[in-house]
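2 protein chains.
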Amino acid sequence: MDYICRNALSLIFLVAAAIWTAAPLTAAPPQDTDKPNAHVVPTEQKDSRTIGIVLYPKFELLDVYGPAEILGNLGSRMKMVMVAQKAGPIASVQGPQVVADCSFEDCPPLDLLLVPGGFGTLSELNNAALLDWLRARASKTEIVMSVCSGSAILAKAGLLDGRRATSNKRFFQLAVDQGPKVQWVKEARWVDDGDRVTSSGVSAGIDMALHVVERLYGTKTAELLADGTEYQWHRDATKDPFARPTKSN
Amino acid sequence: MDYICRNALSLIFLVAAAIWTAAPLTAAPPQDTDKPNAHVVPTEQKDSRTIGIVLYPKFELLDVYGPAEILGNLGSRMKMVMVAQKAGPIASVQGPQVVADCSFEDCPPLDLLLVPGGFGTLSELNNAALLDWLRARASKTEIVMSVCSGSAILAKAGLLDGRRATSNKRFFQLAVDQGPKVQWVKEARWVDDGDRVTSSGVSAGIDMALHVVERLYGTKTAELLADGTEYQWHRDATKDPFARPTKSN
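Chains as they are written, first to last, in this note's numbering: chain H, 30 to 278; chain E, 30 to 278.
You can't tell identical chains apart in this list, so a pair holds if it fits in one copy or across any two.
Mimicking SDA-like on lysine to any residue, the simulated pairs with C-alpha atoms at most 25 Å apart in a straight line are:
{"#": "1", "residue 1": "87", "residue 2": "256"}
{"#": "2", "residue 1": "108", "residue 2": "132"}
{"#": "3", "residue 1": "115", "residue 2": "131"}
{"#": "4", "residue 1": "108", "residue 2": "151"}
{"#": "5", "residue 1": "108", "residue 2": "148"}
{"#": "6", "residue 1": "87", "residue 2": "162"}
{"#": "7", "residue 1": "75", "residue 2": "168"}
{"#": "8", "residue 1": "108", "residue 2": "126"}
{"#": "9", "residue 1": "75", "residue 2": "222"}
{"#": "10", "residue 1": "215", "residue 2": "253"}
{"#": "11", "residue 1": "87", "residue 2": "77"}
{"#": "12", "residue 1": "249", "residue 2": "261"}
{"#": "13", "residue 1": "75", "residue 2": "252"}
{"#": "14", "residue 1": "115", "residue 2": "128"}
{"#": "15", "residue 1": "87", "residue 2": "126"}
{"#": "16", "residue 1": "75", "residue 2": "122"}
{"#": "17", "residue 1": "268", "residue 2": "191"}
{"#": "18", "residue 1": "87", "residue 2": "122"}
{"#": "19", "residue 1": "249", "residue 2": "272"}
The set of hints was computed from the structure by calculation and includes no laboratory data.
Let the sequences and hints guide you as you build the complete structure.
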C-alpha cells in the first residue's frame, strides 16, 4: 500500500515536474512586457538560441553557474555549450572541475556568449588565443555578456570600447585599466548596452541573466524562472549595494 | 611603457587578490559572533574541515554551486570533495557536466555533507546505494545539509526523523511524503536542527551555506564571503517569501 502510494505520488510529481519544466517554455511570448521597464530593449524573436559560456582555469564557480541555472531552465529555448581553449575538465578557483563541451575551434555558432570572472582572469588577459576568439565571435553574436572580472577580459579584447560597462566592485580598477575607452559605470548591478551586457561581481550575474531572459523572452518568463529558483531578483540595475570608491573617484 | 604599467597593475592585483583570499582565513575566529543571533549554535572549533557534496544525474546546478561558491572561498579551512556513486563526469538538469572526484567507496572521511535537489531526486529516492551510503556517513558527520528537494532524499533515508526540516516550496509535498516522522517547516529560508541543516529551494542554499559558515567560523567571516560575492544575504531563516500553502495546510 505504501509502495503504491509512493508510486502514485511519484507520478503526480512527474506530471507536476513536466508542468514546471513546460511552464517557462509556453508561458510568455516575447511581447509580454506587461510591466514597462526602461531597461528592457526588445530584440529579435527567436524560438531557440545557443549560449556559449567560456571556461578557463580558475574561473569563479558562481559567475558561471548562476547564469547557467537561469538560462539552463529555459529548456529547448536555450541550448548551453561550455567552451574553452581545449575541451575537457577545467578546475574552478574553488576547486570543483567542470567539463568544457568543446574547444574554441569546435564551438558551434553562438547567439549569446558569456565570459565569467575569477582569479584566472589575470592570466587570460594575456591569452591571445582567447582574446582573438572573442573578437572573432563577438561580431556574430546577438549579446556578449560578462560577469565580475570577465568584463576586464572583454575590455582587453577591445569589445567594450565606446560602451557602458561595469565589473566586480572589489577589483574595479583592474577592469578600468584594461579599457580606457570604456564608459565604466561604478554603481550598477548590471549594465545593458545593447549587444554588450556586463554585470557586477559574482552573484550579480544571476540578476543580469534574469534581465537578459526578460529582454529576450518577456517579463513573465523571467519571473517564473526567479520564482522557480526561489531567487529574489534585484530588478533595478542601478541599485548597487556593493558600489565603492575607486582610485579614479 | 604600457606593458610595464600593465605588469605593475597585475602585481598590485595579485597582492590585492592574495589579501582577499587571505582575509576570510584570518579575519574571524569562531567566537566573533558580535551580533547575537538566536539561530547561531556554536560548534566545535576546527582548523580545517572536509565537505562532501553529493552529485547524481540531473542534480540542480545552483543547489550545488551556490553553497560550493561560499564554502569554496573558505580556502584551506574547507576542502571540497564532489562525490557520486561513480567518479567521473555527471550531467546536471540544466545540461552542464561536472566531475565527481570520487565514488561512495573511495570518499575520504567527511566533516560536512551536502545533498542537492533537482529532478534527479525522483530516481535517487529509490537508489538504495545512495540511501545506505548517506545513513552510514551521517552518523560520522558534524553537519548533514540539503538544498531544495535534497531533503526528500535525507527524509527517505530516515535521517530527518524527529527533526525540524524544510524543502523546495513548489514540491514541498514530495518531501513531506518521504518523511512522516519529520517536523516539516513550511515557512523557512532554511532550518537549523543542529547536525541537520536543510534549506528551501535552489538559491536558498546560498543563505544556508552562509549561515553554516557563520556558525562554524563566525559572523565576520560569513559577512566577508557574502560581500566578496556581492551577495545580499537573507539572514533571517524564518523569512520566506516563497512559502505557499500545501495539501496538509
